[in-house]
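Here the protein sequences come in this chain order: A and B. Per the numbering used here, the first sequence runs over residues 1 to 122. Per the numbering used here, the second sequence runs over residues 1 to 497.
Everything labelled a hint here was simulated from the structure, so no lab data went into it. Treat the hints loosely; a few may be bogus.
Not the full set, but computed from the structure, chain B residues with beta-carbon under 7 Å of chain A [what the hints assert, rightly or not]:
no.: 1; residue: Val4
no.: 2; residue: Leu30
no.: 3; residue: Pro33
Result set (DSS-like, lysine-lysine): computed pairs, CA atoms no more than 25 Å apart in a straight line [said to hold, decoys possible]:
no.: 4; chain 1: B; residue 1: Lys164; chain 2: B; residue 2: Lys102
no.: 5; chain 1: B; residue 1: Lys153; chain 2: A; residue 2: Lys115
no.: 6; chain 1: B; residue 1: Lys164; chain 2: A; residue 2: Lys42
no.: 7; chain 1: B; residue 1: Lys153; chain 2: B; residue 2: Lys102
no.: 8; chain 1: B; residue 1: Lys102; chain 2: A; residue 2: Lys116
Ideal Cβ placement from N, Cα and C applies to all residues, glycine included.
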Amino acid sequence: MSNIYANSYLIIFVFLCLGVLLPIGALTAGRWLRPHVPSDAKATTYESGNNPFHDSRVQFQVRYYLFALLFVIFDIETVFLYPWAVVYDQLGLFALVEMIIFIVLLAIGLIYAWKKKVLRWM
Amino acid sequence: MNDVWQSDWSMMAPEWIVLAAAIALLVMDLALPSDRSRRPLAWGAAAAAALAMIATAAMIPAGSASILHDTFRLDAFAKAFKFILLAGGALALLLVAEWAPKEGSPHRGEFVYMMLFALLGAMMMASSGDLLTLFVSLELLSVSSYILAGLRKTAPASNEAALKYVINGGIATAIMLFGMSYVFGLTGTTNLGGIARRLQETNEPYMLALAFLLLLIGVSFKLATVPFHMWAPDVYEGAPVPATAFFAVVSKTAGFALLLRLLVTIFAAAPSEGRDPSSLLLSMQPIITVLAGLTMIIGSVVALRQRSLKRLLAYSGIAHAGYLLAGFAAMSWAMIDSLWMYLLVYTLMNIGAFAIIAHIVNETGSDDLDGLAGLYRHRPFLAAALGLFLLSLAGIPGTAGFIAKLHIFIGLVVTEPGHYVLAAVMAITTVISYVYYFNLIVQLFFRPTFTAPLGRLPAGLSTAVVLCALGTLAIGWAPGLAYDMLAQFGHFGDFLP
Numbered sequence: 001m002s003n004i005y006a007n008s009y010l011i012i013f014v015f016l017c018l019g020v021l022l023p024i025g026a027l028t029a030g031r032w033l034r035p036h037v038p039s040d041a042k043a044t045t046y047e048s049g050n051n052p053f054h055d056s057r058v059q060f061q062v063r064y065y066l067f068a069l070l071f072v073i074f075d076i077e078t079v080f081l082y083p084w085a086v087v088y089d090q091l092g093l094f095a096l097v098e099m100i101i102f103i104v105l106l107a108i109g110l111i112y113a114w115k116k117k118v119l120r121w122m
Numbered sequence: 001m002n003d004v005w006q007s008d009w010s011m012m013a014p015e016w017i018v019l020a021a022a023i024a025l026l027v028m029d030l031a032l033p034s035d036r037s038r039r040p041l042a043w044g045a046a047a048a049a050a051l052a053m054i055a056t057a058a059m060i061p062a063g064s065a066s067i068l069h070d071t072f073r074l075d076a077f078a079k080a081f082k083f084i085l086l087a088g089g090a091l092a093l094l095l096v097a098e099w100a101p102k103e104g105s106p107h108r109g110e111f112v113y114m115m116l117f118a119l120l121g122a123m124m125m126a127s128s129g130d131l132l133t134l135f136v137s138l139e140l141l142s143v144s145s146y147i148l149a150g151l152r153k154t155a156p157a158s159n160e161a162a163l164k165y166v167i168n169g170g171i172a173t174a175i176m177l178f179g180m181s182y183v184f185g186l187t188g189t190t191n192l193g194g195i196a197r198r199l200q201e202t203n204e205p206y207m208l209a210l211a212f213l214l215l216l217i218g219v220s221f222k223l224a225t226v227p228f229h230m231w232a233p234d235v236y237e238g239a240p241v242p243a244t245a246f247f248a249v250v251s252k253t254a255g256f257a258l259l260l261r262l263l264v265t266i267f268a269a270a271p272s273e274g275r276d277p278s279s280l281l282l283s284m285q286p287i288i289t290v291l292a293g294l295t296m297i298i299g300s301v302v303a304l305r306q307r308s309l310k311r312l313l314a315y316s317g318i319a320h321a322g323y324l325l326a327g328f329a330a331m332s333w334a335m336i337d338s339l340w341m342y343l344l345v346y347t348l349m350n351i352g353a354f355a356i357i358a359h360i361v362n363e364t365g366s367d368d369l370d371g372l373a374g375l376y377r378h379r380p381f382l383a384a385a386l387g388l389f390l391l392s393l394a395g396i397p398g399t400a401g402f403i404a405k406l407h408i409f410i411g412l413v414v415t416e417p418g419h420y421v422l423a424a425v426m427a428i429t430t431v432i433s434y435v436y437y438f439n440l441i442v443q444l445f446f447r448p449t450f451t452a453p454l455g456r457l458p459a460g461l462s463t464a465v466v467l468c469a470l471g472t473l474a475i476g477w478a479p480g481l482a483y484d485m486l487a488q489f490g491h492f493g494d495f496l497p
């Protein structure tokens with residue numbers, strides 16, 4: 001049993017080797033096979049055929065981050081609520097109580113975000 | 001499903017109190033208008049922690065019990081460690097009440113309930129008998145602690161501390177989780193008692209030793225022991241003083257609870273390699289011994305060069321973690337007794353010292369050693385109290401620190417074979433630590449003042465200082481008080497499930 005357990009790591013090792021050797025092998029083979037004719041146009045940034053313009057670094061408004069965070073929280077809530085609602089009849093009272101606790105805690109989080117003016121775009 | 005209804009949930013009373021207080025204070029903080037002071041919330045939280053402490057004390061005579069197949073265990077060990085955690089938490093919350101950084105304290109509300117959540121995680125950690133609850137409670141403690149470290153949002157040092165803490169803590173958690181995955185993979189259960197039973201039948205010493213080392217690395221990050229101590233001084237220095245006091249005391253106590261729960265329960269009965277397989281824990285003893293020795297030496301020696309009081313106490317905390325780890329390395333029959341005793345005393349003397357440092361930082365805005373100069377001239381009682389805490393940290397006879405250190409020392413010498421080298425290292429580093437503790441005492445009593453006289457100690461801080469000073473003196477002069485309590489715990493006979 002424990003031999004199987006240790007040997008499972010062999011597969012991970014094989015994948016590790018593959019992961020390291022594949023790109024090295026592919027790039028080296030490509031280097032041997034391809035013609036080498038550099039030009040200025042080839043050295044520009046590849047932008048799906050468009051001409052690259054201005055800086056590659058773009059600043060986003062930091063508030064998107066807070067909205068994204070809130071979205072993820074309620075996303076997860078749905079992920080939990082949906083299967084619970086599907087098998088509601090089998091789970092019974094205990095799961096109902098648990099879900100109510102879960103929703104109340106999330107609601108407190110929403111109130112917190114609201115009170116801290118996260119929901120307002122300033 | 002029936003198990004859920006039939007469990008005796010009342011044994012979680014201290015946890016319920018802390019959880020209810022945290023949520024109630026959160027809602028109150030949101031409902032209060034923004035110009036109202038949040039100071040009463042901190043007092044309320046301290047009262048809740050004290051109430052939970054009373055609830056824990058009331059449960060001491062009852063036998064051990066558990067909920068849902070040992071995911072929550074209420075044995076003597078859990079009660080004893082929760083007692084220390086709640087005492088430390090209540091005292092740290094008193095410091096939060098009087099927290100007054102120069103940029104103002106708009107986040108005192110968050111400070112209060114995040115500390116309560118962290119305290120809840122620490123309490124659950126002391127009484128979980130399952131890898132899952134152990135890990136979830138560890139994360140509750142850790143994540144809340146990261147927020148606590150960064151609560152001075154406009155201070156760069158505080159942001160740096162939070163970032164360092166979250167990155168280092170995350171790495172430590174990942175390593176520990178990897179170690180847990182080996183333990184789970186070898187046994188197929190997350191229940192600590194079940195793991196211990198299954199491991200007696202398996203013979204996989206190398207894989208287990210790897211798991212042990214990974215878990216030890218994860219735990220020693222939390223304990224801030226060498227070689228994973230580097231985050232502690234930076235985090236302690238940048239975090240607000242009450243949070244520093246909390247990390248130094250409650251996080252460390254919780255870390256040792258985790259160390260004992262995890263490593264002793266899992267590995268004490270697991271077979272090690274060789275013709276005469278003894279316990280894997282015992283075969284790992286040399287590693288722990290070396291780490292304990294290095295922790296004591298590095299903590300004490302580096303503390304000599306510190307100018308910042310918070311960094312100095314951070315290194316002194318590392319040295320104390322080394323003494324505690326030495327007590328663990330001895331693995332005497334009274335190991336848990338002596339660790340509990342040391343952590344109780346450490347809580348009292350450390351929070352007392354941090355309360356006075358909090359006052360100095362509030363008044364002067366810096367935590368430089370010079371802030372102590374000539375304190376005796378204008379605040380004699382304050383200087384005397386800080387002197388007492390420092391003497392106790394140094395382990396001078398007549399203070400609680402001496403009794404606690406003596407316990408660990410005796411544990412090192414009486415075991416067969418005795419750990420004489422570790423005992424010698426402990427004695428030498430204690431003497432080295434005299435240098436920096438006495439340097440502070442010289443500053444307090446014999447140096448001329450060159451800062452403006454400090455104001456009166458506010459109510460929260462003076463309550464904390466008085467309680468800690470009384471505790472330090474009481475255990476120092478009448479150690480029987482602590483021994484009586486230990487006797488109530490029955491020397492933790494029900495620790496192993």
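### Query
Keeping to a limit of 25 Å between CA atoms, is the pair of Lys164(B) and Lys102(B) held or broken?
holds (23 Å)
Checking one constraint from the list: CA of Lys153(B) to CA of Lys102(B), max 25 Å. Satisfied? holds (12 Å)
- Query: Against chain A, with CB atoms and a cut of 7 Å, does the hint on Leu30(B) hold up?
  - Reply: holds (4 Å)
Is Lys164(B) close enough to Lys42(A), meaning Cα to Cα at most 25 Å? violated (42 Å)
Can the restraint linking Lys102(B) and Lys116(A) be considered satisfied, given a maximum Cα separation of 25 Å? Answer holds: Lys102(B) to Lys116(A) is near 22 Å, not above 25 Å.
Please verify that hint: Val4(B), Cβ, nearest Cβ of chain A, below 7 Å or not. At 6 Å from the nearest chain A Cβ, Val4(B) passes the 7 Å test, so the hint holds.
query: Are the Cα positions of Lys153(B) and Lys115(A) separated by 25 Å at most?
result: holds (18 Å)
Regarding the hint that Pro33(B) lies at the interface with chain A, is the smallest CB-CB distance below 7 Å?
violated (11 Å)
Consistency note: the structure conflicts with the earlier hints numbered 3 and 6.
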